[in-house]
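Which chain is which? The protein sequence lines are H and X, in order. Residues in the first sequence are numbered consecutively from 1, following our numbering. Residues in the second sequence are numbered consecutively from 650, following our numbering.
Do not take every clue at face value.
[What the hints assert, rightly or not] Cross-link-like lysine to aspartate or glutamate pairs, in silico, EDC-like; alpha carbons within 20 Å at most:
#1 K288(H) <-> D762(X)
#2 K360(H) <-> D752(X)
#3 K1085(X) <-> E49(H)
#4 K616(H) <-> E978(X)
#5 K628(H) <-> E698(X)
#6 K1085(X) <-> E33(H)
#7 K1085(X) <-> E329(H)
#8 K1277(X) <-> E49(H)
#9 K685(X) <-> E197(H)
#10 K1009(X) <-> E983(X)
#11 K541(H) <-> E473(H)
#12 K204(H) <-> D752(X)
#13 K1009(X) <-> E329(H)
#14 K1139(X) <-> E978(X)
#15 K853(X) <-> D103(H)
#16 K1085(X) <-> E35(H)
#17 K853(X) <-> E35(H)
[Claimed, not checked] Just a sample of chain X residues kept apart from chain H, beta carbon distances all over 12 Å, derived:
#18 S669
#19 D715
#20 D723
#21 L898
#22 A994
#23 S1058
#24 R1108
#25 K1139
#26 L1295
It is worth saying that the hints were derived from the structure and are not from the lab. Positions of the beta carbon are idealized from the N, C-alpha and C atoms, including for glycine.
Protein chains: 2
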Amino acid sequence: MSRNIYLESTPLQEALSAWSGRLRSEGLLHPLEGEKIPVADSLGRVTAEAVMAVISSPFYHSSAMDGYAVRFYDTFGASERSPKRLRKGEQAVYVDTGDPLPDGFNAVIMIEDVNIIKDRHPEGTGEHSIEIISSATPWQHIRVIGEDIVATELILPENQRIRPVDLGAILAGGHTGVTVRKRPMVVIIPTGTEIVEPGTALRKGDIIESNSRVLGGMVTEWGGEYVRYRIVPDDLEALKGAILDAHSLGDVIVVNAGASAGSEDYTARAIQELGEVILHGVSMKPGKPVILGLVKGKPVLGIPGYPVSAFLTLRLFARPLVYSLQGLEMPGPESLRVRLSRRVASPLGHEEFLRVKVGKVGDTFIATPVSRGAGVLMSLVRADGIARIPAQSEGLGAGTEIDIELLRSAREIENTIVCIGSHDNALDLLANIIRKRYPALSLSSAHVGSLGGLTALKRGEAHMAGTHLLDEETGEYNIPFIKRLFPDTKVVLMNLVYREQGLLVPKGNPKNIRGFEDLTRRDVTFVNRQTGAGTRLLTDKYLKDLGINQADVRGYEREEYTHMGVASAVLTGVADTGLAILASAVALSLDFIPVAKERYDIAIPDRFFQTDMIRKLIGIIREDAELKDMVAAMGGYDLSDMGKILYEG
Amino acid sequence: MSRNIYLESTPLQEALSAWSGRLRSEGLLHPLEGEKIPVADSLGRVTAEAVMAVISSPFYHSSAMDGYAVRFYDTFGASERSPKRLRKGEQAVYVDTGDPLPDGFNAVIMIEDVNIIKDRHPEGTGEHSIEIISSATPWQHIRVIGEDIVATELILPENQRIRPVDLGAILAGGHTGVTVRKRPMVVIIPTGTEIVEPGTALRKGDIIESNSRVLGGMVTEWGGEYVRYRIVPDDLEALKGAILDAHSLGDVIVVNAGASAGSEDYTARAIQELGEVILHGVSMKPGKPVILGLVKGKPVLGIPGYPVSAFLTLRLFARPLVYSLQGLEMPGPESLRVRLSRRVASPLGHEEFLRVKVGKVGDTFIATPVSRGAGVLMSLVRADGIARIPAQSEGLGAGTEIDIELLRSAREIENTIVCIGSHDNALDLLANIIRKRYPALSLSSAHVGSLGGLTALKRGEAHMAGTHLLDEETGEYNIPFIKRLFPDTKVVLMNLVYREQGLLVPKGNPKNIRGFEDLTRRDVTFVNRQTGAGTRLLTDKYLKDLGINQADVRGYEREEYTHMGVASAVLTGVADTGLAILASAVALSLDFIPVAKERYDIAIPDRFFQTDMIRKLIGIIREDAELKDMVAAMGGYDLSDMGKILYEG
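With these hints in hand, go ahead and build the complete structure from the sequences.
Dropping the structure here:
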């Protein structure tokens, strides 16, 4: 069990230039050679040499109209007052659009400008004539040879990605094949004894191998292709064998993971023994333990195992390479100026890549950080963009304007309803239904508790807030809080659902918990909700009513941010009980001790209430039968006032 | 030979709403059903139902660090002054990142914070202890169950295009398959007796079938798939048979072409006899003869044969359908505000789709219309965007600001050097080499003649102009013109090449042309260059010197815009001779009667001369050996002053 706990911590920019400088000096950024493929298969590929026309298009003079081909000097003198007749077959030949011009003819008269005359001459052959009332100009209505493409002309330069219209031009220019760059081949080697194939019956300790498909998908989007090797266990020789095998197949080799410095992390050693580790460890967060190396003239990357680290490091260190190998300029980042909704602290000395949700509220794009864990892939799935916090910064204050790199388009963001506040599972179902009914629209919800939601609404950071705040004095839900927080702003309060709150306990209630009074027991650990959550207020009210001191509740200080978080803590034994909605107990098959029926409303400032997005949302809340059925099926919901306006002012 | 020369001329917006209204009422815009496919194959596909997690990730508590799992209450009281020892195996268990937490343990201490102590007790088992200097908090450095994904959580909503990170989340959520929308299947039926497969030995009258790959490529880019049928001849029954056959395979059927009303245009009749023609003929340009129909509940489009018409009509009438069938919102157009460089006249009553080249010159995006022919596919290949001129407009004045729909990104446009002026084949080679050396850069050249180029430069519409204007009085090239046109602006004049101009004649010189004096012969037809072209000035100078009256030259009024255009006219018999550079004769194997050696220079306003783009271009002109070799190989070029500054002021 040898272990090197000291990784380097090379600054990111330095690491990027060391890597690209080294790859350049080794000739590894040079575009790959070309391969000739059928034009029909070349969409999206990149030309490896200039495409010149070998024939002209059209390659013969052809009629540009339906009409009659004529010799223009036969038409001289025709006018309305003295029409001219031309004998068909001899002086005028019918041509459809695209027909070749008969030899010796040099103009076309449109069918619309011609009278067809039955020849009534007694010795007539039955042939017709045509009558025209104006003369033709030379070469009128004729597509001359080369009108579109002239032989030898440059159709496409080298290093151009082939679009649909290009396919047509290459074919029309006389080619059936086209020389395109080979696609950069990236071999992805998943490694780790704990890693299992998706679909395996899982045992504790197993990790489903999912990174390779993320990494492979990224390579595919950049224009490369990938092969995924079978999972290699934590075994130095096996890993070296796989890298050597990949060497003949790939232009780039990616090992995931074993990139850290743990006792079973063999990637750096394998690369070192086969070739050279250029650097190991970059001062970025997430993604620190990345390894950049070379094995016999091929780039080898050791990519960390946490999914967010894997995504970020491949993007930084492999993407420029995949573009260079295609002879393409890497597309620049799509960026957007946003305002941070809250303060973000960040460690000095590491460049942090912060995932943010963005909403356009009024005229401002507001960014809210999502989970920062390197292991939280859903933070990337849900993110709209990435903010970079420089290594020399200790963080950013709330309200700071920054540029973020977009992961979704600004247009999608503009079509997103931002809901901040208390979480309810019905919101997830609503998010799905709105996308189903209106593919352009999204509902994004961030869970900061009821009070946090109303505060965000007041700060203009959201379109709506989900809230279930019980006013201790009046016993009324939400309205007193809105009156207090929005003295000058008109806000509409609409009911979403009534729902049951209760104590969750494991199946069978092994500790025989019957109510809040049991929370003071020495053998009972509670899990709480965060300050500002409606459920937290409910907890505090019950403790107060029962005269229980918060300090006497074990686990009172452990906070979860969602009902499902509480349910998950109970299911997994982190806690014995916690207060949450019935639906979360049903979802995880927990037992449920009812405590209260509460009102869950949505608060919407009037200025948003009239927007098209919100009107569509309300239409769904009020009328969508599928939504109602799905919410009801979760259990514990009363939908009788769904969509009803409870307060305006 | 029956012919209906009267198409309808439905206004475009009316046609679009009639079409989508009818499709909607027939239920044909409803998303297609789903199909379950392996997650690994689902990149870019669209979810047909919500994806919910079936397991949590992680599904067991695991260590977030390399270190020791402990029970947090065993660590109470540890401090620097009174370190605490924990027995390995019993009180502390080594875990790597990702390892499951042993049962009963509830915190992890990082390896960096631990001292490993060799147990020196005489009866010691050889086991070690660890020493810690601070206590652990509950659940520190532990990834709890569901930290990333909680079972039952919504991973992706319905109607979402699957990105690389989504693949990872679906797999980590416990799925191996995912239900995605079937791809909309578009069957493309090329039809026309004159149409031949690419690669066929060509005979006069043949047209290479290239549209189907353009149309199919477009469908592919929109997320659909396509099948291309073999070419169907102009035969009503054969066409009906193909449509019926396609009916069982496709969601959408596209017939190309036979869409017009010519004697052999059967598409409208075939659709009418099998089903219904909803409308035939839309007042747009190009693209008028489009047919929109239904056959037994499937949309059938008759798409015109000219490539630009085919592109535009498929885009307008099939694209919304392909997106709807996927349950996706159609992406909005990327648009850009541009200034028109010249006046554009447009017919009243037709909405015109004008292809434009765009260049960023200084701070302004300048759009210049390219060829307007429906048959000129290269106008689309070269275009940066499409301007729409409304039906009720007779055109747009020079300098008008309009919004165009982009075909290339604004970034690519910003990295394009705009060269307007005289054409020389060396510019095509230069365009290719610059793209090869700097994939981000492009050189776009528009050919309006030397004088047109200098005028465009003066108006700020280009970065540089190619020019070879001979001043009759001084016998000097270019400099007198620049002095006259740019009295107040500093312009740099740099030589590109010296080149030979001469009369092109067919191989073997069948009419025995020996010089300009032969242009007055009755049996000789000349082809001229446009007014403002340097070559036109050269022609006029020679005619004047020889005392020849322009009216005595047959064909003097027929103008081509490029050397290759002149060469093509001579090759194909449109003319017997014309003045052009040697390279164009070499390219088309014509004979060449030398007339003059002339200087071809590039004029660059000083404010652009110092830009990075232009410096790279000049570097290539001066130093690139491959470029020099290729230019020399064309024949007739003297490269001795290539890149030399001839004038500044």
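- Message: With the threshold set at 20 Å, check whether the alpha-carbon distance from K1085(X) to E49(H) stays at or below it.
- Response: Distance ~9 Å between K1085(X) and E49(H) Cα, so the pair holds.
- Message: So if I understand the rule, the pair passes when the alpha-carbon distance is 20 Å or less; does K1277(X) with E49(H) pass?
- Response: holds, 17 Å
- Verify that the Cβ of R1108(X) lies farther than 12 Å from every Cβ atom of chain H, and report whether the claim holds or is violated. holds, 27 Å
- Taken at face value, is the distance from the CA of E329(H) to the CA of K1009(X) at most 20 Å? holds, 19 Å
- Query: Do the alpha carbons of K1085(X) and E329(H) lie within 20 Å of each other, as the hint requires?
  - Reply: Since the Cα atoms of K1085(X) and E329(H) sit roughly 11 Å apart, the hinted pair holds (cutoff 20 Å).
- Item | Hint consistency between K1009(X) and E983(X) [alpha-carbon to alpha-carbon, up to 20 Å] | holds, 17 Å
- Query: Quick one, are K628(H) and E698(X) close enough, alpha carbons at most 20 Å?
  - Reply: Distance of about 17 Å is within 20 Å: holds.
- Message: For a C-alpha distance cap of 20 Å, please report whether K616(H) and E978(X) respect it.
- Response: Cα-Cα ~16 Å, so holds.
- Message: Just want to verify: D715(X) was marked as not at the interface with chain H; is every Cβ pair farther apart than 12 Å?
- Response: violated, 5 Å
- Distance rule for A994(X), whose beta carbon must clear each one in chain H by more than 12 Å: holds, 18 Å
- Query: Against chain H, does L898(X) keep a CB gap of more than 12 Å to every residue?
  - Reply: holds, 18 Å
- Query: Looking at L1295(X) again, its CB stays over 12 Å from all of chain H?
  - Reply: holds, 27 Å
In the structure shown, a violation is registered for the earlier hints numbered 2, 14, 17, 19, 23, in ascending order.
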